[in-house]
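Trainee: Keeping their order, the protein sequence lines are chains L and R.
Heads up, the first sequence stops at 699 in the numbering used here, and the numbers go up one at a time, no gaps.
Heads up, the second sequence stops at 699 in the numbering used here, and the numbers go up one at a time, no gaps.
There could be a bad hint or two in this list.
In silico BS3-like cross-links for lysine-lysine, where the CA-CA straight-line distance does not exceed 30 Å [stated by the list, open to error]:
id, chain 1, residue 1, chain 2, residue 2
1, R, K566, L, K685
2, L, K622, R, K444
3, L, K514, L, K566
Selected chain R positions facing chain L (Cβ under 7 Å, derived; list incomplete) [what the hints assert, rightly or not]:
id, residue
4, R111
5, T112
6, P274
7, V275
8, V314
9, D542
Keep in mind the hints are simulated off the structure, nothing from the lab.
Just so you know, these numbers come straight off a predicted model, no measurement behind them.
Virtual Cβ for every residue (Gly too), placed ideally from N, Cα, C.
There are 2 protein chains.
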Amino acid sequence: MLRTHTCGELRLPDATKTVTLAGWVQTVRDKGGVLWIDLRDRYGITQIILEDGISSPDLFATARTLGREFVLQTVGEVVERKSKNPNILTGEIEVRPTQLTVLNPAKLPPFLIEDETDGGDDLRLRYRYLDLRRNPVRRNLELRHRMAQQTRVYMDGQDFIEVETPVLIKSTPEGARDFVVPSRMNPGEFYALPQSPQTFKQLLMVSGFDRYYQIVKCFRDEDLRADRQPEFTQIDCEMTFVEQEDILNMFEGLIRHLFKAVKGIDMAEVPRMTYADAMRLYGSDKPDTRFGMEFRELKGLFDTIDMTSGKGFPVFDSAPMVVGINVPGCADYTRKQLDELTEWLKRPQIGAKGLIYARVNQNGDVKSSVDKFYSEDDLNAWAAHFGAKPGDLMLILSGEVDKVRKQLGELRLEMGSRLGLRDPNVFKTLWVLDFPLLEYGEEEARWFAMHHPFTSPKPEDIALLDTNPGQVRANAYDLVINGTEVGGGSIRIFNRDLQARMFSLLGFSDEEAKAQFGFLMDAFEFGAPPHGGIAFGFDRLCSLFGGSDSIRDFIAFPKNNSGRDVMIDSPSPISRKQLAELSIDTTVETK
Amino acid sequence: MLRTHTCGELRLPDATKTVTLAGWVQTVRDKGGVLWIDLRDRYGITQIILEDGISSPDLFATARTLGREFVLQTVGEVVERKSKNPNILTGEIEVRPTQLTVLNPAKLPPFLIEDETDGGDDLRLRYRYLDLRRNPVRRNLELRHRMAQQTRVYMDGQDFIEVETPVLIKSTPEGARDFVVPSRMNPGEFYALPQSPQTFKQLLMVSGFDRYYQIVKCFRDEDLRADRQPEFTQIDCEMTFVEQEDILNMFEGLIRHLFKAVKGIDMAEVPRMTYADAMRLYGSDKPDTRFGMEFRELKGLFDTIDMTSGKGFPVFDSAPMVVGINVPGCADYTRKQLDELTEWLKRPQIGAKGLIYARVNQNGDVKSSVDKFYSEDDLNAWAAHFGAKPGDLMLILSGEVDKVRKQLGELRLEMGSRLGLRDPNVFKTLWVLDFPLLEYGEEEARWFAMHHPFTSPKPEDIALLDTNPGQVRANAYDLVINGTEVGGGSIRIFNRDLQARMFSLLGFSDEEAKAQFGFLMDAFEFGAPPHGGIAFGFDRLCSLFGGSDSIRDFIAFPKNNSGRDVMIDSPSPISRKQLAELSIDTTVETK
Chain L
109 MLRTHTCGEL
119 RLPDATKTVT
129 LAGWVQTVRD
139 KGGVLWIDLR
149 DRYGITQIIL
159 EDGISSPDLF
169 ATARTLGREF
179 VLQTVGEVVE
189 RKSKNPNILT
199 GEIEVRPTQL
209 TVLNPAKLPP
219 FLIEDETDGG
229 DDLRLRYRYL
239 DLRRNPVRRN
249 LELRHRMAQQ
259 TRVYMDGQDF
269 IEVETPVLIK
279 STPEGARDFV
289 VPSRMNPGEF
299 YALPQSPQTF
309 KQLLMVSGFD
319 RYYQIVKCFR
329 DEDLRADRQP
339 EFTQIDCEMT
349 FVEQEDILNM
359 FEGLIRHLFK
369 AVKGIDMAEV
379 PRMTYADAMR
389 LYGSDKPDTR
399 FGMEFRELKG
409 LFDTIDMTSG
419 KGFPVFDSAP
429 MVVGINVPGC
439 ADYTRKQLDE
449 LTEWLKRPQI
459 GAKGLIYARV
469 NQNGDVKSSV
479 DKFYSEDDLN
489 AWAAHFGAKP
499 GDLMLILSGE
509 VDKVRKQLGE
519 LRLEMGSRLG
529 LRDPNVFKTL
539 WVLDFPLLEY
549 GEEEARWFAM
559 HHPFTSPKPE
569 DIALLDTNPG
579 QVRANAYDLV
589 INGTEVGGGS
599 IRIFNRDLQA
609 RMFSLLGFSD
619 EEAKAQFGFL
629 MDAFEFGAPP
639 HGGIAFGFDR
649 LCSLFGGSDS
659 IRDFIAFPKN
669 NSGRDVMIDS
679 PSPISRKQLA
689 ELSIDTTVET
699 K
Chain R
109 MLRTHTCGEL
119 RLPDATKTVT
129 LAGWVQTVRD
139 KGGVLWIDLR
149 DRYGITQIIL
159 EDGISSPDLF
169 ATARTLGREF
179 VLQTVGEVVE
189 RKSKNPNILT
199 GEIEVRPTQL
209 TVLNPAKLPP
219 FLIEDETDGG
229 DDLRLRYRYL
239 DLRRNPVRRN
249 LELRHRMAQQ
259 TRVYMDGQDF
269 IEVETPVLIK
279 STPEGARDFV
289 VPSRMNPGEF
299 YALPQSPQTF
309 KQLLMVSGFD
319 RYYQIVKCFR
329 DEDLRADRQP
339 EFTQIDCEMT
349 FVEQEDILNM
359 FEGLIRHLFK
369 AVKGIDMAEV
379 PRMTYADAMR
389 LYGSDKPDTR
399 FGMEFRELKG
409 LFDTIDMTSG
419 KGFPVFDSAP
429 MVVGINVPGC
439 ADYTRKQLDE
449 LTEWLKRPQI
459 GAKGLIYARV
469 NQNGDVKSSV
479 DKFYSEDDLN
489 AWAAHFGAKP
499 GDLMLILSGE
509 VDKVRKQLGE
519 LRLEMGSRLG
529 LRDPNVFKTL
539 WVLDFPLLEY
549 GEEEARWFAM
559 HHPFTSPKPE
569 DIALLDTNPG
579 QVRANAYDLV
589 INGTEVGGGS
599 IRIFNRDLQA
609 RMFSLLGFSD
619 EEAKAQFGFL
629 MDAFEFGAPP
639 HGGIAFGFDR
649 LCSLFGGSDS
659 IRDFIAFPKN
669 NSGRDVMIDS
679 PSPISRKQLA
689 ELSIDTTVET
699 K
């Protein structure tokens with residue numbers, strides 16, 4: 109080794125030892141007669157000290173050539189510091205060198221290698237290897253490492269077997285767009301990269317592997333939003349001879365283990381909520397339960413009393429749903445603030461038509477933007493229904509059920525953020541259960557699997573498959589933390605006929621179903637056991653544990669929003685020879 | 109759970125318990141008044157017993173509908189067996205059912221789900237999910253799981269951080285052929301799948317990650333031999349501030365840990381040998397050291413005395429090298445056996461021109477196929493040089509140095525196999541060191557990197573780069589077990605100028621080097637530390653530990669020699685819509 113110790117391990121009892129350290133020059137402070145070098149590596153920082161009359165002039169000369177990020181090796185004696193630094197673990201000692209060797213010089217980095225840097229996103233992605241030197245970024249990846257380690261500790265302890273499934277698989281039209289790989293040995297044919305190992309893990313259950321898991325790369329060729337990456341990592345799991353309750357318990361165990369082992373948090377049991385309730389109370393299938401502000405319907409599908417109709421307010425009279433939230437302590441919102449909130453809601457991203465508000469003044473009077481339509485008694489009834497107290501502000505939307513719920517859900521999150529109720533260091537977990545099996549695609553005029561085509565309907569709802577497919581509930585579940593879906597899964601179909609019926613419902617002809625998924629349906633005929641599973645978005649889970657919104661901060665070498673790795677400049681054109689070997693050609697001109 | 113216990117866990121103290129089991133029907137034995145069902149899962153087999161007068165006729169009726177591989181759930185009482193089976197852990201008990209429920213029937217499998225099966229390779233690959241039910245195949249994957257677990261135990265314990273590097277990277281012309289992935293968002297451009305995470309792990313060292321590892325899928329679009337797969341798995345590792353000795357010690361530690369933890373074998377220290385010695389003594393850079401038969405040169409580059417020339421035998425007189433092995437106890441090989449061996453050597457795969465032999469009879473006389481050219485004293489001198497004893501057979505080849513060594517190396521392995529000296533349950537490890545940095549490609553008339561372009565030359569040989577590149581030794585090393593290269597690595601170049609010089613030697617123009625690897629050379633200017641690493645072929649390592657020649661047996665879903673997954677029928681054509689979206693077209697007609 110080019111060192112005897114790391115830059116993070118020397119302590120006072122090491123004093124008088126002769127050591128060799130190697131690392132990067134964080135700073136040089138030159139006071140003339142005294143010169144300090146902070147030498148940094150992954151493990152910490154150790155101070156090197158040169159003093160007139162003690163250190164040789166040669167050492168001073170070398171030290172004065174050093175710049176930031178030079179790679180330096182030093183041999184020296186560990187001595188007790190005169191002025192100790194209680195903020196770092198090596199703060200009681202320093203090293204008095206007898207040798208300083210520059211192992212590699214460094215050009216000035218294009219941005220500061222400090223916790224707070226002056227580099228913009230693009231520059232830091234281009235020089236990702238320098239950004240990774242910064243403590244916060246390195247700590248994110250160290251957290252990710254611990255998350256993976258502890259996931260394996262738990263899964264191994266529960267007798268799961270890690271099995272690697274193939275990366276070069278088969279393209280299927282259902283779901284998101286595949287990345288494909290031309291096959292040189294099979295001209296005109298393509299592999300696809302897996303969006304998930306779904307069918308393979310089901311086959312492993314048919315094989316009797318009983319409990320499978322894998323931390324595995326998956327791929328989706330979608331237009332990228334800020335928090336999506338074309339390649340992402342899943343914790344992928346499957347179990348045999350289980351019912352939904354078993355999966356919930358097993359993986360609630362995983363999440364609680366991770367919170368305990370990685371964050372030191374004793375997480376309570378994970379509460380459960382049906383999809384129907386989540387939509388009704390939060391307008392979302394992934395509610396952020398760090399705060400309340402549950403929806404109250406003033407007229408709608410679920411409340412027995414209609415509190416808004418017949419009072420002459422046409423907007424509410426004509427709306428299928430009128431629903432609102434009570435925002436505590438916001439009765440003092442000014443007209444300007446409320447106008448801004450209304451504009452925020454009207455943006456195309458949200459698409460609300462308008463906002464009705466009603467504030468409860470300190471004296472208990474309720475004043476609203478629709479006072480001319482509703483009596484004092486009406487408004488008092490609203491306040492009672494909302495549980496609004498003096499000082500609170502009721503915000504009410506109306507319209508089509510699904511749309512207005514989504515809009516109010518966004519407003520609820522916005523108000524939660526404004527009130528500081530979404531602390532990234534507070535963690536609230538939730539199982540959302542009983543998802544619909546199917547959703548209707550208006551554009552394509554057909555049913556789509558809400559989860560995927562292998563999800564089983566609840567046995568008691570199977571009869572509805574023919575009469576009212578939209579009402580069929582699935583044995584499907586999502587794990588939600590702080591309003592983010594971190595995992596989802598289902599009990600699977602394991603019967604060939606039911607699987608064939610599902611494909612038929614989804615618009616597959618028998619031939620298509622056979623060509624795409626014949627191997628799975630065949631497998632179901634050779635002794636397929638009941639099974640189910642779940643997959644967690646590992647990048648997202650890490651970013652949540654790290655208190656960040658961005659998964660990119662938890663990926664060593666992420667791509668930008670155009671799917672480019674700007675560091676290595678990829679994707680890039682390939683040679684005509686490569687194209688010819690692969691029996692493909694491009695249909696656009698490239699450089 | 110659909111069971112209270114697995115099929116492998118019930119023991120005598122469980123007697124009288126009511127249990128629920130679920131699994132696959134291995135066999136049904138129906139003796140009329142008594143009927144036994146062997147119920148199987150991953151954990152074992154439990155016997156179910158039905159008896160006239162005790163078990164209800166309904167149960168008998170159900171049991172008689174069961175076929176092999178039916179999925180069965182049973183509720184019953186654990187009872188002590190009358191006739192115990194000491195061969196299985198559940199052999200002291202059986203279960204007397206009160207319920208038998210067929211969870212899923214099964215068609216007759218196309219081959220026997222037994223340790224010895226009647227299914228051929230193709231059939232078993234097509235129904236891989238059934239082949240995976242067989243104990244030997246399942247045990248291979250369980251071994252692989254333990255290998256991965258224990259690799260992580262060791263690496264985590266040595267402070268290595270697991271970092272996931274990207275799968276969608278950039279195509280580079282050096283090395284094997286890349287698989288490529290068209291980018292929809294960047295028309296005409298392509299990602300490549302990594303042949304190894306080489307440049308990324310080096311960048312992680314530049315980033316200060318200090319110790320990195322990953323168990324990672326890699327890809328090579330090569331024509332497949334029996335033991336190659338287009339996707340394969342590496343244990344990929346890199347360390348900073350190290351010299352070759354540190355890497356050897358660290359990863360010798362990994363291998364010894366794996367032998368101990370997975371196989372219970374206390375492996376001795378790994379011996380070391382230079383590349384030059386390996387070629388001289390075994391004619392191979394991956395010698396099988398489970399047995400001796402080291403080469404003896406009778407005339408050549410290294411021996412001081414020429415024992416063959418000037419005796420009038422033109423084949424030896426004209427050959428640059430005459431070299432042989434001593435095969436113990438084979439003096440009684442018949443003329444027919446020796447002729448067969450000669451034919452075996454003359455096949456195009458080996459390409460030898462002929463075989464000279466000399467046997468030491470029991471009385472000590474040496475008789476050879478070249479008696480008319482060499483005196484008794486000559487032959488006695490040979491025997492002494494070979495260390496041949498009465499009963500031994502010397503086999504001698506001659507020709508060009510490199511060719512004849514390779515041929516004799518093959519012959520040595522063949523003789524080792526014939527003599528039973530290559531027991532797959534005996535393990536001999538070896539470090540091979542000091543590989544040449546470059547090898548000359550006659551066809552392309554240029555130098556190629558023997559390892560890869562990032563391998564550093566030995567500092568003392570750098571001067572030879574200009575004068576005699578072929579003589580430059582690299583800081584490169586391979587780990588060999590039983591004649592198989594299981595891992596290889598090197599100390600890397602970390603200096604921009606030296607890296608640029610390497611690319612230039614390999615025929616890259618400055619522009620090409622910059623376009624392909626500019627990011628790495630740039631990184632070397634921002635404080636790159638000395639670093640080195642190694643990668644192990646994980647599939648191969650698992651197959652070796654499992655005592656098998658075939659990596660395919662240790663991969664859950666392997667591809668065949670045409671790169672096809674015959675189970676899912678991939679690769680396959682994709683739709684015109686997909687091709688159009690990707691801005692590519694095929695240049696061949698497909699169905």
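Trainee: Identify whether the interface hint at R:V275 stands, where standing means a beta carbon of chain L within less than 7 Å of its own.
Mentor: Since the shortest Cβ distance to chain L is 5 Å, the answer is holds.
Trainee: Regarding the pair L:K622 and R:K444, is the alpha-carbon distance no greater than 30 Å?
Mentor: violated (57 Å)
Trainee: How about R:R111: closest beta carbon in chain L under 7 Å, or not?
Mentor: holds (5 Å)
Trainee: Using the nearest Cβ pair, does R:V314 come within less than 7 Å of chain L?
Mentor: holds (5 Å)
Trainee: Hey, R:K566 versus L:K685, does the alpha-carbon distance stay inside 30 Å?
Mentor: The hint is violated at about 36 Å.
Trainee: At a threshold of 7 Å, is the proposed contact between R:D542 and chain L supported by beta-carbon distances?
Mentor: At 21 Å from the nearest chain L Cβ, R:D542 fails the 7 Å test, so the hint is violated.
Trainee: Does the alpha-carbon distance linking L:K514 and L:K566 stay inside the 30 Å limit?
Mentor: With Cα atoms ~26 Å apart, L:K514 and L:K566 stay inside 30 Å; holds.
Trainee: Against chain L, run the beta carbon of R:T112 and see if the smallest gap drops under 7 Å.
Mentor: At 11 Å from the nearest chain L Cβ, R:T112 fails the 7 Å test, so the hint is violated.
Trainee: Let me know if the C-beta of R:P274 comes in closer than 7 Å to any C-beta of chain L, holds or violated.
Mentor: Since the shortest Cβ distance to chain L is 5 Å, the answer is holds.
When the structure is compared with the earlier hints, violations turn up for hints 1, 2, 5 and 9 and for no others.
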